[in-house]
Amino acid sequence: MQRLYRGFLVQVRSNIIQTGAASRVGLSQALALMPSTSIAEAILKQWGASVVPVPTSQKEESDWLATLDGFRLLIEEKTKLDNPASAAERTEALKTERVHGSTTPLRPNNRISGVIGKAAKQLRSTGADVQHDARVIWFTSVGFDREAKDHQAFNTLYGATKTFDLDRSESLQDCFFFYNSEFYRHHDVDGAYLVVADGGTATVRLCLNPFSERWMALRDSSFAKKLVTGLVDPVAREAAAEAMLVDGGVDRSNRSAVLSYLSAKYGMPMLQNMDMNMASAVVAVPLER
Numbered sequence: 001m002q003r004l005y006r007g008f009l010v011q012v013r014s015n016i017i018q019t020g021a022a023s024r025v026g027l028s029q030a031l032a033l034m035p036s037t038s039i040a041e042a043i044l045k046q047w048g049a050s051v052v053p054v055p056t057s058q059k060e061e062s063d064w065l066a067t068l069d070g071f072r073l074l075i076e077e078k079t080k081l082d083n084p085a086s087a088a089e090r091t092e093a094l095k096t097e098r099v100h101g102s103t104t105p106l107r108p109n110n111r112i113s114g115v116i117g118k119a120a121k122q123l124r125s126t127g128a129d130v131q132h133d134a135r136v137i138w139f140t141s142v143g144f145d146r147e148a149k150d151h152q153a154f155n156t157l158y159g160a161t162k163t164f165d166l167d168r169s170e171s172l173q174d175c176f177f178f179y180n181s182e183f184y185r186h187h188d189v190d191g192a193y194l195v196v197a198d199g200g201t202a203t204v205r206l207c208l209n210p211f212s213e214r215w216m217a218l219r220d221s222s223f224a225k226k227l228v229t230g231l232v233d234p235v236a237r238e239a240a241a242e243a244m245l246v247d248g249g250v251d252r253s254n255r256s257a258v259l260s261y262l263s264a265k266y267g268m269p270m271l272q273n274m275d276m277n278m279a280s281a282v283v284a285v286p287l288e289r
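Position one of the sequence shown corresponds to residue 1 (our numbering), numbered consecutively onward.
Honestly, I wouldn't trust all of these hints.
[Unchecked claim] Below 25 angstroms or equal to it, Euclidean Cα-Cα: the simulated DSS-like pairs (lysine-lysine) are:
1) 225 <-> 265
2) 95 <-> 121
3) 45 <-> 78
4) 226 <-> 78
5) 95 <-> 45
6) 45 <-> 226
7) 59 <-> 95
8) 78 <-> 225
9) 118 <-> 78
10) 265 <-> 45
Calculated directly from the structure, the hints in this document are not laboratory data.
Sequences are here, hints too, so could you generate the full structure?
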């Protein structure tokens, strides 16, 4: 997609990733009325939920307990900002009127895995003392590379990749749990909100963890119903032939073994996978007077 901002930036991004729809919500008014700058709190209250901060203690605790129509959701909120070194490099290039280009791999990311692991630990700690019906991680991506961070978080949670069959002409499909995944590693995390904040709006997806014992309760809750197009349900997507699902005991670190498993399961002997990248370029444009 190409956007032209006269006198400011020309920004070109190559993004051929398909991860399903998301719901869009407005943020400007909600944040303006609140002393907190929490995007999670702003969106949850906009939905009509009661949002209470979890009291601090000597343990590492979660951030919020939100209640909507009697369903209690324990939330740990994380925000992924721009990498300071990358931001400085981009700023310097723009100052000298050079094009700044970058390519970001979107496959599962070890740094995001660490963030998710810490969030799961905090949810576990608070969940032992606070009554709740489900636990979720709230992951907000902001800054220049916000879309790339969002895709990385999705693929890290689900161990996801893209698949295609050399004998067929269909478009790429999501394949869940192709790689080792954080949702499999943390069965007690029932889902995750993935949010991309861009100015006064945000796109929101609620990703369900089918390895959790409470994922169907979360799916059927009022929180999920607030997302008309932003609910990610791997089981439903596989049933609708919209995605593939690795649900057997195959070694996820062995790509050939996983592809063989999928080929047998779906009757596609020429199945392949492809990890995506996101390329972007930005340049400053002189102001026309």
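Hints, one by one, checked against the model:
no.	hint	verdict
1	225 <-> 265	violated, 32 angstroms
2	95 <-> 121	violated, 42 angstroms
3	45 <-> 78	holds, 18 angstroms
4	226 <-> 78	holds, 21 angstroms
5	95 <-> 45	violated, 40 angstroms
6	45 <-> 226	holds, 12 angstroms
7	59 <-> 95	violated, 45 angstroms
8	78 <-> 225	holds, 23 angstroms
9	118 <-> 78	holds, 10 angstroms
10	265 <-> 45	violated, 43 angstroms
Against the hints set out earlier in the document, violations occur for numbers 1, 2, 5, 7 and 10.
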